[in-house]
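Using the sequences plus the hints, can you model the full thing?
Chains as they are written, first to last, in numbering that gives the first Met the number 0: chain A, 0 to 612; chain B, 0 to 349.
Read the hints as simulated data drawn from the structure, not as lab findings. Every value quoted in this text rests on a predicted model; they were computed, and no experiment measured them. This list has only true hints and no planted wrong ones.
Listed next, the in silico DSSO-like pairs over lysine-lysine satisfying Cα-Cα at most 30 Å (straight line): (1) A:LYS225 x B:LYS335; (2) B:LYS306 x A:LYS213; (3) A:LYS96 x B:LYS5.
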Amino acid sequence: MEFSLKKHDGPARIGQLKHKDITIKTPSFASFGDDNLPTNILFGLNDSQKYNPNKINITILPNYMVYYNRRPNIDPEKIYVAPETGIRWGLSTEYIKELLQRQYKIIDDLKIENLAVKIPLSAGEQVIDFAKKFKRQGTKLFILTDVPTENHYKFIRTLRIIQELPPDIPRLLTGRIHPSYYPLLVYLGIDLFDMSEIIYSTAEHRELFDFGWKKNETPYEELLIKNYQFAMRILNLTNESINEGWIRRVVEAYSYFLPELHTITRIALRDYYSYLEAYTPTQKSFKLICNSDLSIYAPEVQTFIKRVKERYSSYRKKVDVIILLPCSSKKPYSLSKTHRVYQNAIKSVAKKSRSLIHEAIVTSPLGLVPRELEEIYPAAHYDIPVTGDWSYEEQILTAQAIKDYLNKFDENTKVIVHLSGGYLLSFEHIKNDIRQEIIYTSRNISPTSQNAIQNLQNALKTIISEPGEKIDYLQEQLRAIADYQFGKGIGHELINDETKILGKPRRPKKVMLNKNQIAYQNPETGFLSLGLKGAEILAEHEVYWVRFNGTELKGSSLFAKGIEDADKQIRPFDEVVILDINGNVIASGKSLMSGSEMIDSERGVAVQIRHKR
Amino acid sequence: MEYYDKALAAEVYEIRSRTFEHKKQIGNRPATYWFAPESVQGQIGTGLSLVLETIGCFWSRSKSGGCSMCGYVSEYIEGTATKDILVSQLNVALENLRNKKPPYIVKIYTSGSFLDPKEVPTDARNEILQILSNIDEVKEIVLESRPEFVRKQYLRDIKQILSNKSVEIAIGLESSNEFVRVHSINKGFTNKLYLKAVRTARELGFGVRTYLLFKPLFLSEAEAIDDALRSIEFAIKAGTTTISINPMNIQSGTLVEKVWKAGSYRPPWLWSVVEVLKRTAQYTKQIRFDCDPTAAGKDRGAHNCGKCDTTVLEAIRNYALHQNPKVFDNLTCDCKIKWKSELNYESLRR
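So, in structure tokens, the structure goes:
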């Protein structure tokens, strides 16, 4: 039995489980015994059960007491679940530790090639070390058992151990779980579910549907098919959404269907944030839909806010005035009608003083987007429902982002607040914390109205008196993007007065040093990908590196197996530099995993190579 | 193999040690007693089950902490059960037996071993048996003991007093799988000791009643059925004359209760009990089967879905009385599908 990961979206993954000539695509069902359902895996309680050629047949070995009493014959071709040792809720930590040791010993004793091992959630945190040991013993599948499904708080709390399980081994979650929970659980990293809920609910005359269940007296077989099809529909939707890269949207949407599901979704998204974030790509090329109040806490959104706060700073020598502008639905903002109006208005007043004026766009849920970053993901890709009403949470988040941004500038800088409505409401939460002088130009009127534009221009005229330095706006933009991508100050190292930028505003750009390509801007994500020269510069700063445990790369992929160590801040789709075992730069590439995942995994492609030495 | 599991024993002992603060003196009333219709020498009569109050089982008083399912470990009784005290306990029950339908079968338990002279002094034991010997309607007597105390000398003494009665020595084997007795039950004796006790009893003209615990802790429903069937075969081969199948019931202050309360143990389904009993039918010519599930139909006892429990339980009791598997024909309920799936899923889930 082999498992390989094909695609990620957060910790959610699409994988392939293969045994001999049978292949199963996960997330999926695991069924066993006499389920008689058209599913992927057939677990057999004993060897006598008939073998179905369309399923992978897995045999559950009995409890250790039964196993030791009567050791079964092991067929090396078959897949077995190792005996469990009676770890249960209600037992003491010390006793459970002893039972885990017994489980470890049995696995040693078994010497099974195709091995599945139970991970009892009742064992708590101490199971994590054992899971790693079980992996070294050759475990090919983890079965999460003793799942406290009857208590949703306990359920979601105990699932925390998923975060620490070796990522390259598939996880089967057992127990009665309503199919509406699948998107969340898959998002948290579950690959397989058992079918007990479908069968038991049917026996209880329950018809399952998105919002729970209802009584249905149709005959057993008929209702079983119905319930099975319902569950399959959700599994398919889940699969599809990982493929498309919007599992998060489905998780948020489904959470609203059941109160207990909503509770645990909120808890999971809050408590497991750093885990979700570690697996979430920092760049995508398609829309980021922020449709619910939970979207604010999406890693994509929070990462943007955090990076603007920590990595962004203006490269200008002098800024006299900052203009806070409202966002537009068209992205990047500069392409919108409203922003053209603002920019023309500013340009006509500023003339040679243009570089003294810095623009930033206030928005929800990203908070604040400096003009230089408007083309990158997710600033150019997010979409929200617009009603004009700002929730309290949105206001606070936006206010904080404005405050953090303004703190980056000198206190003599003036701040023009060209905002109204919810935007202005947000600003007002922190207006007393601002060190700079504030000028309102759009109070009680629409920012695009003639009066507001007039106010903006008048304000600018009174502030601006002298011409500013002449700056290369393309250079400024690419440096800000490089800082955002690789860390504060890296932009200056990659792009300086000796480098040449080829391309025009809002077109793909190349950064060249002599004849060597340093970076190339991807027009879809707005991010930079690295040429070899760029990779060398990055290597000097010891960021976004991956160390290959050899010296010569073959082919266009670097597998996780070949990775010795990596920078833990790497996220899927980040641009990385590949070092050889001696620390020399040998390639640049695009990572497909997060840094810790590629260290912990033995399977799967970790980096797609772009340029090789 | 080791005859007990230190880690499990420590777990049980921890519960046991909490009872030390609530000590209790032996009194003049039995711990409990009850009556039930029962088959006595082929006739339907009455069974008296009497639990005498003594200082309790030597095993549960030891560092082992006692058995994982045994509620007696949660009691800590002090004092000496003298002849007078135990006779007055017996009389409380006998007074109520008089108006019951004869013939009688009297089963005497303590919260340990009736044959342990530290629990029941020899003079008290002789006096109790003498009283029973004098009641004509008492046709059968069952005396429960751990196998350690099934000794030739004791049995010869008993035989002398009860020469006119059919006597069975009852032993709680629980399971014939020694690993189950060590790692689940914490029973503390070997199969060898059981076999020896059975041989001794049979040689001296006693019957042997073997108690089996149905669905010990940590076993799944399917494993429990398998365990029971193997244990039945084992006990018959050993020479038992009666097998009493005791589905797990959750007794207060036990390790089993702790796990049950935490949601990781479910008492057996009555369907599983039926399944086991159905398969005993082939042996009813050789030996007798008994089954009266405690707390049946309740959360703490063997139960089904709630709708069918009464009917199924009635069939089980009927089987114990008549040993006829036809009582299980036509028994059905919607929950049977769930039970069948549970035979698979509980093995996966735990």
